[in-house]
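A.B. asks: Can you build the whole structure from these sequences, using the hints too?
Number of protein chains: 4
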Amino acid sequence: MRQRSGLWLMGARGSVATTAVTGLLALRAGLIRPVGCVTERLEMDHSVLPAWDDIVVGGHDIVSIPLDKRAEQLAESGLIPHSVFTAVAPGLRAVDTELRDGYHPVTHTGSLADAVARLAGDIEEFRTRNDLARVVVVNVTSTEPPVPAMPEHQDFDLLVQALNDPQRTVLPPSSVGAYAALTAGCPYVDFTPSPGIKMPAMDELARRKAVPYAGADGKTGETLLRTVLAPMFTARALNVRSWAGTNLLGGGDGANLADPEQAKGKLESKARGLHNLIGEVTAPLHIDNVPDLAERKVAWDYVSFEGFLGAKMSLQFTWDGYDSALAAPLVLDLHRLVSAAHADGQTGALSELAFFFKDPLGTDEHRFAEQTRMLAEWAAQL
Amino acid sequence: MRQRSGLWLMGARGSVATTAVTGLLALRAGLIRPVGCVTERLEMDHSVLPAWDDIVVGGHDIVSIPLDKRAEQLAESGLIPHSVFTAVAPGLRAVDTELRDGYHPVTHTGSLADAVARLAGDIEEFRTRNDLARVVVVNVTSTEPPVPAMPEHQDFDLLVQALNDPQRTVLPPSSVGAYAALTAGCPYVDFTPSPGIKMPAMDELARRKAVPYAGADGKTGETLLRTVLAPMFTARALNVRSWAGTNLLGGGDGANLADPEQAKGKLESKARGLHNLIGEVTAPLHIDNVPDLAERKVAWDYVSFEGFLGAKMSLQFTWDGYDSALAAPLVLDLHRLVSAAHADGQTGALSELAFFFKDPLGTDEHRFAEQTRMLAEWAAQL
Amino acid sequence: MRQRSGLWLMGARGSVATTAVTGLLALRAGLIRPVGCVTERLEMDHSVLPAWDDIVVGGHDIVSIPLDKRAEQLAESGLIPHSVFTAVAPGLRAVDTELRDGYHPVTHTGSLADAVARLAGDIEEFRTRNDLARVVVVNVTSTEPPVPAMPEHQDFDLLVQALNDPQRTVLPPSSVGAYAALTAGCPYVDFTPSPGIKMPAMDELARRKAVPYAGADGKTGETLLRTVLAPMFTARALNVRSWAGTNLLGGGDGANLADPEQAKGKLESKARGLHNLIGEVTAPLHIDNVPDLAERKVAWDYVSFEGFLGAKMSLQFTWDGYDSALAAPLVLDLHRLVSAAHADGQTGALSELAFFFKDPLGTDEHRFAEQTRMLAEWAAQL
Amino acid sequence: MRQRSGLWLMGARGSVATTAVTGLLALRAGLIRPVGCVTERLEMDHSVLPAWDDIVVGGHDIVSIPLDKRAEQLAESGLIPHSVFTAVAPGLRAVDTELRDGYHPVTHTGSLADAVARLAGDIEEFRTRNDLARVVVVNVTSTEPPVPAMPEHQDFDLLVQALNDPQRTVLPPSSVGAYAALTAGCPYVDFTPSPGIKMPAMDELARRKAVPYAGADGKTGETLLRTVLAPMFTARALNVRSWAGTNLLGGGDGANLADPEQAKGKLESKARGLHNLIGEVTAPLHIDNVPDLAERKVAWDYVSFEGFLGAKMSLQFTWDGYDSALAAPLVLDLHRLVSAAHADGQTGALSELAFFFKDPLGTDEHRFAEQTRMLAEWAAQL
Ligand SMILES: NC(=O)c1ccc[n+]([C@@H]2O[C@H](COP(=O)([O-])OP(=O)(O)OC[C@H]3O[C@@H](n4cnc5c(N)ncnc54)[C@H](O)[C@@H]3O)[C@@H](O)[C@H]2O)c1
Ligand SMILES: NC(=O)c1ccc[n+]([C@@H]2O[C@H](COP(=O)([O-])OP(=O)(O)OC[C@H]3O[C@@H](n4cnc5c(N)ncnc54)[C@H](O)[C@@H]3O)[C@@H](O)[C@H]2O)c1
Ligand SMILES: NC(=O)c1ccc[n+]([C@@H]2O[C@H](COP(=O)([O-])OP(=O)(O)OC[C@H]3O[C@@H](n4cnc5c(N)ncnc54)[C@H](O)[C@@H]3O)[C@@H](O)[C@H]2O)c1
Ligand SMILES: NC(=O)c1ccc[n+]([C@@H]2O[C@H](COP(=O)([O-])OP(=O)(O)OC[C@H]3O[C@@H](n4cnc5c(N)ncnc54)[C@H](O)[C@@H]3O)[C@@H](O)[C@H]2O)c1
Ligand code: NA
Ligand code: NA
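Chains A, B, C and D supply the protein sequences, listed in that same order.
Going from the first sequence to my numbering is simple: count from 1 and add 16.
Going from the second sequence to my numbering is simple: count from 1 and add 16.
Going from the third sequence to my numbering is simple: count from 1 and add 16.
Going from the fourth sequence to my numbering is simple: count from 1 and add 16.
Some clues are possibly wrong.
Stated by the list, open to error - Taking beta-carbon pairs under 7 Å as the criterion, some of the chain B residues facing chain C (in silico):
hint, residue
1, T262
2, D304
3, V306
4, V314
To be verified - To be clear about the criterion: a stretch of chain D counts as covered by chain C if any three or more of its residues have a C-beta under 8 Å from a C-beta of chain C, and this derived list gives those stretches:
hint, segment
5, 38–45
6, 54–61
To be verified - Residues from chain A that keep clear of chain D, each with C-beta distances beyond 12 Å, as calculated:
hint, residue
7, R20
8, S99
9, D181
10, V297
11, A359
12, S367
Rather than coming from a laboratory, the hints here were simulated on the basis of the structure.
Remember, it's a predicted structure, so these values are computed and weren't measured experimentally.
We put the CB at the ideal spot given by N, CA and C, even for glycine.
C.D. replies: This is how it looks when you write it as structure tokens:
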């Protein structure tokens, strides 16, 4: 018997979230083909995955623009076809009734434990109200800067104490959200490079709650290509000397990452991957906010390498994509796969989902082809 | 006990061959590091591979420019460092004494069987004179156009008859060379897209002689990237709509491929790979002769693809490489691996060497990451 | 007192024509800004130019798809904003009533003189019916292949004789159109590389009719960049060694130019310009039909050049544009400027309009900056 | 009668200087053609220009590596052909005897006036010793950061006072050099973006000494292209929305500009030009130090622009050049032209030399084609 499964989006009114929900409604209505949906082509028992019809959406956000207005903006920027927007607008308005106010340190009064309780309550009510077998929480909020390491992040008991102290704010919003998700007994996916669930104390909580989680930072552009291309140089024994990159992006993500402090986490997660793949090379990397690109991202990489007899050669590429169109189907895929893992009783970091992430939790495997194989084998056994 | 192994180059005075020999002498003298040599980084029993010191070079060519003069030209075009050239020039002159006149239909008198006998004789004398455990013949002659299919190519006995008829020329030069190699009991590698060994009758001969062979068409640039990138689109369920390519190259290969008839084989072997990877898409492809690039090849590919909600996106890359610097270490690797396979008693098409080729013999696997894994597993068992 | 001026489009249902008419209606309604309209920024007496409100459109085509349907297709391919399409659809239907069947050799019966009379009659009736001061005929039909030179193209009297012979077809359709335009006393603009007006006999007719004309082949992409960039190399005494180009295009133009015979004229007009600018260099050039690009054109050029001490350097660019969005405002500009030239009594080839063309008539000046200056000076004196 | 003219290089052991001197010696010996030398192709009275044989080189630097060693390094990095290096090495050693220690604040004791006197003395002795008609001083030292504005930079008398105060250091090294050049009665060229001569007090001194000067910051790559391409968008009324740039460079300049403080002047001079050409647009710009590129510079620019009906289009280019090979012939050209201007009695900022500079002194004209014309007209009148 089919069970209904909840998709709770933290950052539900953002570009990625709105595109994912619009696409889900369009898939359900048969308006589009599932291009970009990896689960559709995996060789596996598809009955363990929630069907498009069985996914119910809710979420948190800190802005209040109605979901259909947000989708209309995305249609104007060329990301969503006008005909699709028109057809799904009523469905978007229905989803809008399931959205709740997110947590923001500036507006919140009380302890972090209060915030957690409020967020977890929203999710639990959503689960009960819609009679859902489970809810997978996916974080697609704006990227946050890294946080300084604190003992409370290492030790679950210390963390609980600190959360109850109304004078302290030991967790950034993404981690408050992750904590709330786990508290509500929900599997969690971090699609951003924010601190989120990446703390030993949080892993401890996930294990206590016996839920699986996955992350971090969706891999959809420059980094995807790097994890595809870098292993080629290694396999051919070619000596990469430098790998420079420039990312131009508009949209909410571009505006946010224009702030060097916010960009830091993103730049760090990108750099970690590259060094893991080819070692320490000169690798200048930039993220620039170029508002007129709207929802597009343009990435240019220049790889300088040395071959036999010291020959100096280069590879450069330009990637021109709609960031959220690349991300949204992966959000749906992650919902489906993590739902199935939860149903299967899996817990802790799902390293087999490295395929989806720039900074995979639970593994150091960055090579895309290897990640593809890990995913295929894992999915085949679900 | 170490055995000496012969490397017989068909096309020994060409750019790839000269670079391979120069590099071998430089490696032997410790002048360069083995960048680009795949065998150096494979995890395997390295003692089964001929050491640089144990490889003895001979070959056929139809031009008579001394090998050191050819190397000097390549130094002038920036491919070989001047200091390396100076150091190995005496060694190149020594190799020159082992080179013999190749077969060319225009200058040859007599039957093809006579030609085969002469070529095979040269190789056998080389083996005896140098007291070699075996000789691996590698074809790096100029690319030939495809040949029309004939019954003689299908049936070994028919072929033998035809070869003895002085009025017929049923095989192109590359296949005459392959036939001679097999006749001499030598393993054979086809680094070109020419007809060479790609005929059932030739496979029959290889099996009778119990020798292994590998091919075809070294994968060093645009196609290498295509076999790396195309699986990414598939894995991510992205819909490639078109994949256009332009190759600019100078050098002997550029001049030869400027002739559309000669280029046909190359274009066909490139196209086959792409279609195998992503199905039938619009894929215009050009090879242009641009003499001022000398030994460099510049390839530009533009991939247009569709994502979620019909989003139109693109990836383009420019590869700027020294073609022969990419090819030469692979020629040495192939010599080593095919020598080891021969010592190991393997026969027929070595499909596990697909990693090296645009148009792999014995398999349809074009995905580079899979080929890398096949190679690693095979080498580990040698 | 303002006078109304006719714009007669040969190829009125094509992509360029439809975009020009849609844009004109949108400008008139104040829906868009005149981006890409050169006349708007020229320093000149703007009162000599027809205002958007004063331009009346008619034309010939050989297909019968309604203009609003054609515009809808262009809206779907992203070229025309949906909101603009909706607003101007009634206007497009009104223009549609002014469109007539064009000349096509396959459907025509009778002499070419009959064809000319019919086309000229259509234009004259349009002028009278709408009470227009003048009609400028602009050729935006599909590109035709070059025609073999004939004595009739050189000598006006011979030509007239041949046109009256029902057994002969000495002119291609574009030239039949040009002849009809001149016969009707209309200034003529050739936006295509087709033979059109480029014959001494046609120039003779223009002089007899005392009308000005301009052409040929609108300069909107790769060639525009070449005429901008090539003079830089010259000014800096840098030695261009080769200039390779690849053009990927979809749309009607792409389909048509996929035929090598049709593409010949285009390739020739492109090559002439480059050689005029930097002399004879290696310059392979391709035009590929890539239907999924729809109305976009992607051009990649790779320039290899030599500097001081023989240093080998390169410049490459990728141009990604909507071809018709680049062409359409120029069609409106040309209408305005040629109208003004006609009102001013100018006759023959308007070499000062070289700025707009790949293969400028009446001058050998290809350098874009010089052309810009020639245009500015000429317009200032109108 | 021919007169000999001195070329005094501030930064004489740097990459640009060494390439210029090597090239001059090679031109003199007839070993190379004057590719990249603009004066060779200007239509003018060439007898007013110093011939290659009549240029005598001296200079200051703060490092002591012999000029031939420096040239050898440049030969190893592929910038100077080995054969040329070998042929001119003795000539480089001869020039080395004319090089003197430059001024550096860290090693200098005494007032800036003392420093000026010492530097000016070096130049005057060089002029006398070699019996030169004049000496043109060209600044090719490492780029300095901008300096805070001070009243002494505005007012010549205040400046003189401050220079005599041994406790003050009101001028950066580049300006000390410029002051010394003017003091010695020498024309001055600033090939760098450093403060140098760009102060009203310095202009006052130049006028008192009745010498011409030119600058600033040689235009050889990305900025050259920008001043060529930006006017195209303006001429075609296309709306540039953003213009992003990334520069990868190795060499001494790369290492120096890796320091954000040092890069500031360069980034500012680049940005000023772009804004002058197309107004205020989003224009992120990066300079990265990529040591393995050695003497090469790779620049990538991405221009996003809007056309008719709001069509979104883009142009991107990659420039791959040897920075010093582009700069060196311009240093020779500037020496020749400024020599001729001095002989002609011209004084103050030579705005007609804007063609050579990113940040032209004496004019706001950044459009390359206009600059080319200004230069041609000016040179024709010399
Ligand atoms: N291809 C991709 O688009 C891609 C790839 C990898 C990672 N990501 C990450 O996904 C995230 C979302 O990207 P986007 O383009 O949708 O950005 P966006 O700016 O459009 O959306 C972010 C949304 O999060 C909301 N938000 C911010 N703080 C919140 C909080 N504390 N609680 C609840 N909601 C909050 C914002 O109001 C906004 O609606 C970013 O962190 C981005 O880095 C995106
Ligand atoms: N990266 C690469 O360089 C690369 C990759 C894949 C395949 N290949 C293939 O390798 C081959 C060699 O490339 P190259 O750049 O060295 O070309 P090249 O033109 O420099 O050398 C070819 C040599 O073969 C000789 N030759 C021609 N016909 C012969 C015959 N019948 N017998 C003996 N010798 C003959 C020629 O005289 C010449 O010396 C080409 O077929 C090329 O397509 C090269
Ligand atoms: N940037 C540009 O778009 C650009 C630049 C330079 C030149 N051009 C030229 O402009 C022309 C039009 O381009 P397009 O993209 O609009 O092509 P298109 O194929 O969309 O339109 C051509 C139209 O001409 C019509 N036609 C063909 N033969 C005709 C005839 N004998 N009489 C009347 N109509 C006829 C066709 O039916 C079609 O409607 C082409 O020749 C193209 O090469 C375009
Ligand atoms: N295409 C180009 O190469 C180009 C274009 C525009 C501007 N420039 C400018 O030209 C300058 C030189 O470039 P480069 O590549 O030769 O750099 P470089 O680092 O190779 O050389 C600079 C030289 O200046 C010397 N120097 C530093 N301070 C000095 C001082 N106070 N007095 C005397 N000498 C001093 C250094 O020791 C060094 O030898 C840089 O400022 C660069 O920005 C170069
Ligand atoms: Na986004
Ligand atoms: Na430099």
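A.B. asks: Would you mind marking each hint as holding or not holding in the structure?
C.D. replies: How the hints compare with the structure:
1. T262: Holds - the Cβ of B/T262 comes within 7 Å of chain C, reaching about 4 Å at its closest.
2. D304: Interface hint status for B/D304: holds (4 Å vs cutoff 7 Å).
3. V306: At about 5 Å, which falls below the 7 Å cut-off, the nearest Cβ of chain C leaves the hint on B/V306 intact, so it holds.
4. V314: holds (6 Å)
5. 38–45: holds (count 3)
6. 54–61: holds (count 3)
7. R20: holds (41 Å)
8. S99: Non-interface label on A/S99 holds, nearest chain D Cβ at 19 Å vs cutoff 12 Å.
9. D181: holds (40 Å)
10. V297: Given a closest Cβ separation of 9 Å, the condition is violated.
11. A359: The claim holds: A/A359 sits with its nearest Cβ about 44 Å from chain D, beyond 12 Å.
12. S367: Nearest chain D Cβ is 34 Å from A/S367, so the label holds.
Checked against the numbered hints above, the structure breaks only hint 10 and satisfies the rest.
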